[in-house]
Amino acid sequence: MRNLYQSFGILLLCLFWGGCTQVPEKKDRLYIVTTTGILADAVKNIVKDSAYVQTIMGAGVDPHVYKASQGDLEKFLQADLIIYGGLHLEGKLTEVLNKLGRTRPVLGVGDELPKALVRTDSSFATAVDPHIWFDIKIWAEVVDLIAKKIISLDKKHANFYKANASSYIETLLLLDKEVKNMISAIPVHKRVMITAHDAFNYFGSAYNIEVMGLQGISTTAEFGLRDVSKLVTFILERQINAIFLETSVSDRAIKAVIAGVNEKGGKLLIGGNLFSDAMGASGTPEGTYIGMVKHNVNTIVKALK
Amino acid sequence: MIAFWIILTGSLVAISCGLLGSFLILRKMSMIGDAISHAVLPGIVIAFLLSGNREPLSMLLGAGFFGLLSTFIIEYLHQKAKLQTDAAIGVTFTLLFAVGIILISVFTGKVDIDQDCVLYGEIAYVPIDLWILDDGTIMGPRPIYILSTVLVLIVLFITIGYKHLKIGTFDPAFATAIGIPTVLWHYLLMGAVSITTVASFESVGSILVVAFLIGPPATAYLLTDDLKKMLIITCILGVLISFFGYWLAYWLNASIAGCMTVLLGVFFTIVFIFAPNTGILAKKLKSNKNAISI
Numbered sequence: 001m002r003n004l005y006q007s008f009g010i011l012l013l014c015l016f017w018g019g020c021t022q023v024p025e026k027k028d029r030l031y032i033v034t035t036t037g038i039l040a041d042a043v044k045n046i047v048k049d050s051a052y053v054q055t056i057m058g059a060g061v062d063p064h065v066y067k068a069s070q071g072d073l074e075k076f077l078q079a080d081l082i083i084y085g086g087l088h089l090e091g092k093l094t095e096v097l098n099k100l101g102r103t104r105p106v107l108g109v110g111d112e113l114p115k116a117l118v119r120t121d122s123s124f125a126t127a128v129d130p131h132i133w134f135d136i137k138i139w140a141e142v143v144d145l146i147a148k149k150i151i152s153l154d155k156k157h158a159n160f161y162k163a164n165a166s167s168y169i170e171t172l173l174l175l176d177k178e179v180k181n182m183i184s185a186i187p188v189h190k191r192v193m194i195t196a197h198d199a200f201n202y203f204g205s206a207y208n209i210e211v212m213g214l215q216g217i218s219t220t221a222e223f224g225l226r227d228v229s230k231l232v233t234f235i236l237e238r239q240i241n242a243i244f245l246e247t248s249v250s251d252r253a254i255k256a257v258i259a260g261v262n263e264k265g266g267k268l269l270i271g272g273n274l275f276s277d278a279m280g281a282s283g284t285p286e287g288t289y290i291g292m293v294k295h296n297v298n299t300i301v302k303a304l305k
Numbered sequence: 001m002i003a004f005w006i007i008l009t010g011s012l013v014a015i016s017c018g019l020l021g022s023f024l025i026l027r028k029m030s031m032i033g034d035a036i037s038h039a040v041l042p043g044i045v046i047a048f049l050l051s052g053n054r055e056p057l058s059m060l061l062g063a064g065f066f067g068l069l070s071t072f073i074i075e076y077l078h079q080k081a082k083l084q085t086d087a088a089i090g091v092t093f094t095l096l097f098a099v100g101i102i103l104i105s106v107f108t109g110k111v112d113i114d115q116d117c118v119l120y121g122e123i124a125y126v127p128i129d130l131w132i133l134d135d136g137t138i139m140g141p142r143p144i145y146i147l148s149t150v151l152v153l154i155v156l157f158i159t160i161g162y163k164h165l166k167i168g169t170f171d172p173a174f175a176t177a178i179g180i181p182t183v184l185w186h187y188l189l190m191g192a193v194s195i196t197t198v199a200s201f202e203s204v205g206s207i208l209v210v211a212f213l214i215g216p217p218a219t220a221y222l223l224t225d226d227l228k229k230m231l232i233i234t235c236i237l238g239v240l241i242s243f244f245g246y247w248l249a250y251w252l253n254a255s256i257a258g259c260m261t262v263l264l265g266v267f268f269t270i271v272f273i274f275a276p277n278t279g280i281l282a283k284k285l286k287s288n289k290n291a292i293s294i
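Chains as they are written, first to last, in the UniProt record's numbering: chain H, 1 to 305; chain R, 1 to 294.
Bear in mind the hints are in silico, worked out from the structure with no lab data behind them.
Interface residues of chain R toward chain H, partial, derived using beta-carbon atoms under 8 Å:
1. Ile-2
2. Cys-117
3. Val-118
4. Glu-122
5. Ala-124
6. Ala-249
7. Asn-253
8. Ala-254
On a predicted model such as this, the values are computed, not experimentally measured, just so you know. Beta carbons: idealized from backbone N, C-alpha and C, even for Gly.
If we strip away everything but chain H, and leave its shape as in the complex, we get (with noise of 0.2 Å):
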């Protein structure tokens, strides 16, 4: 009987100072966790194998809502950097991981932004929108603000980090100009581009698209009627001749729209699924920041054209 006592203590034992097996057994290198796969991207393109990586929301997820699992938590404990989107764009995540900062090196990369560049509503001066990754340049910046992070945690791999990082700004600045060019063969008065929620609008004013989302920026807020019918009006006025699917939304406020303008006569086509808050699965060529945006953008330039 003793013995059963003394084996069920060493269970209890094992189950709360054993560690979680998921997180690396690191120390010779730096371990990174990103909460979006975006971030991750970012950070592993300047890290290259000199640190681990990893990311809490896998592909396909919509960062606003996510719920945590118990070995997130493990996760971000272990964690030498934790990276972020800041801007709200993990809903409460965003303020808890902002408050650990005061305790352990976190970085969120919204917040650290220079202010011009973040775009808020036109009503409410603290309501800003977190989608920063659809403006090449900003990401530019943010892969800066990033590389200089992680360097000044581990100084020994700094110049490996510095041209690593410049090379991919540089080739990011180089995408920024592509994007402009096959924009640009678009007619003007075709440029406007109607998703289920307002994620491009950063894209929109980097590249010069008019933007329009049904649902506001919150991916569970309703869309109301007029909002339905206004739009409906507009596509049938400026003869659009496509709009697009989200992957991390869902679409039904889009298929409304559509048969809305069907039924008017109209003809409205899907022009394609956009890789809005998360990117494509790993492997694909969407799995990676550059292949989401070329996706993205020859997806908007082949409907609207």
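Given the coordinates of chain H, work out where chain R should sit on it, guided by the hints.
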């Protein structure tokens, strides 16, 4: 330490909610937690419009006010309009939730605001949601302080009002006849429920609160007829579920709130089948015995 903080948080929520939930179940009002989780929406929208920010404190105040308002409307409709409790709950929370939706679409169309992203906490983040003083001293997880305060208040409330609450729940007519202000105590109970639920939403999210309000009391209800024993069993169940729920989440690497809630269902089912007097197995045995003796 992670395990300790999360299990402690779960237990605190489970005990506060379970104690109040026992009375709610007996008064046929157990869905009030779910109702409050919806009814706070206009509160957080108005708090945002007034303060211009989405800080936890203003959200908590707005939600707290509408939580109280909704429970008072429910109690008022039940008392004055003689509406059944479930109908009173249904009318109230759908109305308030709809008002919240309208406020969002009219005033804050482009701001990311809803309960999920500005109010509901997540039990997994409790150990890293620290209370840090201005001089940098770390005081430990912030939700623990809030939830402990709530628990102390609830225990005080129930200890002081136990007799009144008990008679008011089982025999309101008799209670009124002997001069107990039952209506006042009902309103006080509702107020306690709304404060507890809103504070718990902010720390651990909605699903766990709704589950702990109903699950442990419902299970305890099957095991005993004595209110005092029911309260004690509820508390023990709450702690057990927090403990095993956490470790289930650990093994599965899954959502902690989800695992605790699933375990609640498992506990309830076991009791439902095997309870000594009320379980379906016991009933079946009894009826077999009767058949044989006839």
